[in-house]
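Undergrad: For the record, the sequence lines run as chains A and B. Quick note: the first sequence, position 89, residue 785 per the numbering used here, numbers continuous. Quick note: the second sequence, position 14, residue 15 per the numbering used here, numbers continuous.
Since the hints were derived computationally from the structure, they do not count as laboratory data. Check each hint, because a few of them may be wrong.
Claimed, not checked - Mimicking DSSO-like on lysine-lysine, the simulated pairs with C-alpha atoms at most 27 Å apart in a straight line are:
1) Lys761/A x Lys50/B
2) Lys108/B x Lys70/B
3) Lys78/B x Lys23/B
4) Lys767/A x Lys753/A
5) Lys50/B x Lys108/B
6) Lys753/A x Lys713/A
7) Lys50/B x Lys753/A
8) Lys70/B x Lys767/A
9) Lys70/B x Lys50/B
10) Lys70/B x Lys23/B
11) Lys78/B x Lys108/B
12) Lys753/A x Lys108/B
Stated by the list, open to error - Derived contacts from chain B toward chain A, CB cut-off under 7 Å, selection only:
13) Phe47
14) Lys108
15) Gly109
Since the structure is predicted, the reported quantities are computational estimates derived from the model, not experimental observations. Note that beta-carbon positions come from the ideal geometry of N, C-alpha and C, so glycine has one too.
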Amino acid sequence: EAQVTQNPRYLITVTGKKLTVTCSQNMNHEYMSWYRQDPGLGLRQIYYSMNVEVTDKGDVPEGYKVSRKEKRNFPLILESPSPNQTSLYFCASGRGGGQGVTGELFFGEGSRLTVL
Amino acid sequence: AQSVAQPEDQVNVAEGNPLTVKCTYSVSGNPYLFWYVQYPNRGLQFLLKYITGDNLVKGSYGFEAEFNKSQTSFHLKKPSALVSDSALYFCAVRDRDSGYSTLTFGKGTMLLVSP
């Protein structure tokens with residue numbers, strides 16, 4: 697089954713404690729991306745990757761890091777989480793390498809993060 | 002820059018009535034346009050897309066959307082709403098001629114279909 701898998705689905709942590717949200721896709725997609733969803737703000741892009749070892753900042757990259765060492769995985773790293781990073785996070789993947797996204801995106805089920 | 006606007010935070014419609022969820026976009030070149038739906042506690046699911054060709058695009062679950070270049074709109078429609086259509090709907094755009102490689106999403110419109 698084609699899917700994007702995120703872990704953990706729910707996490708409560710404290711300010712400053714490093715955490716990683718994993719994302720894995722089994723569709724051999726070149727493109728992967730992280731979004732955060734906040735009430736009234738919709739979906740905002742954090743980082744994206746057009747292919748292995750290629751990553752770029754989205755609209756709200758501050759406080760986040762990513763890496764793309766393998767095609768299937770795109771982890772999101774919060775080195776020192778703060779309360780304003782409390783949000784619902786989505787990973788997505790799709791076709792479209794160098795020239796950009798050309799088709800539909802497949803989304804994970806979301807990771808709800810609370811930073812106290 | 003590329004942007005998309007969904008002017009309505011919420012749309013209410015009675016079951017069996019037609020529904021429209023509005024979306025307008027802004028790009029410098031030609032757009033790729035998408036609609037996604039999000040059910041409670043789920044990720045977004047693709048509904049339909051416009052790439053080129055016929056302005057009327059048909060998608061999943063009986064939804065369709067009409068691309069209108071002169072009005073820069075891509076409204077989502079369905080002839081007869083179902084209670085199960087109640088969800089959050091997102092419009093997204095990518096300017097395929099101006100170097101943008103990713104999608105920009107609107108803020109979403111909550112659709113509530115009453116029995």
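Undergrad: Look at each hint and say if it fits the structure.
TA: Taking the hints in turn, this is what the structure says about them:
Taking the CA atoms of Lys761/A and Lys50/B, the gap is near 31 Å; set against the 27 Å cutoff, the hint is violated. For a cut-off of 27 Å, the pair hint linking Lys108/B to Lys70/B stands: about 21 Å separates their Cα positions. Restraint check for Lys78/B and Lys23/B: satisfied, since their Cα atoms lie roughly 9 Å apart, inside the 27 Å limit. The suggested pairing of Lys767/A with Lys753/A holds, with an alpha-carbon distance near 18 Å, which does not exceed 27 Å.
The straight-line distance between the Cα atoms of Lys50/B and Lys108/B is roughly 18 Å, inside the 27 Å bound, and the hint therefore holds. With a C-alpha separation of about 23 Å, the suggested pair Lys753/A and Lys713/A falls inside the 27 Å cut-off, and the hint holds. Restraint check for Lys50/B and Lys753/A: satisfied, since their Cα atoms lie roughly 25 Å apart, inside the 27 Å limit. Pair hint Lys70/B plus Lys767/A does not hold up; C-alpha atoms about 36 Å apart against a cutoff of 27 Å.
A distance of roughly 15 Å separates the Cα atoms of Lys70/B and Lys50/B; the hinted pair therefore holds under the 27 Å criterion. For the suggested pair Lys70/B and Lys23/B, the alpha carbons sit about 14 Å apart, so the restraint of at most 27 Å is met. A C-alpha spacing of about 18 Å is found between Lys78/B and Lys108/B, which places the hinted pair at or below 27 Å, so the restraint holds. The suggested pairing of Lys753/A with Lys108/B holds, with an alpha-carbon distance near 20 Å, which does not exceed 27 Å.
The criterion of a C-beta within 7 Å of any C-beta in chain A is met by Phe47/B, whose closest approach is roughly 4 Å, and the hint holds. With 7 Å as the threshold, the beta carbon of Lys108/B comes within range of chain A, its nearest partner Cβ sitting at about 3 Å, so the hint holds. The interface hint given for Gly109/B holds, since its Cβ lies 5 Å from the closest Cβ of chain A, which is under the 7 Å cut-off.
Consistency note: the structure conflicts with the earlier hints numbered 1 and 8.
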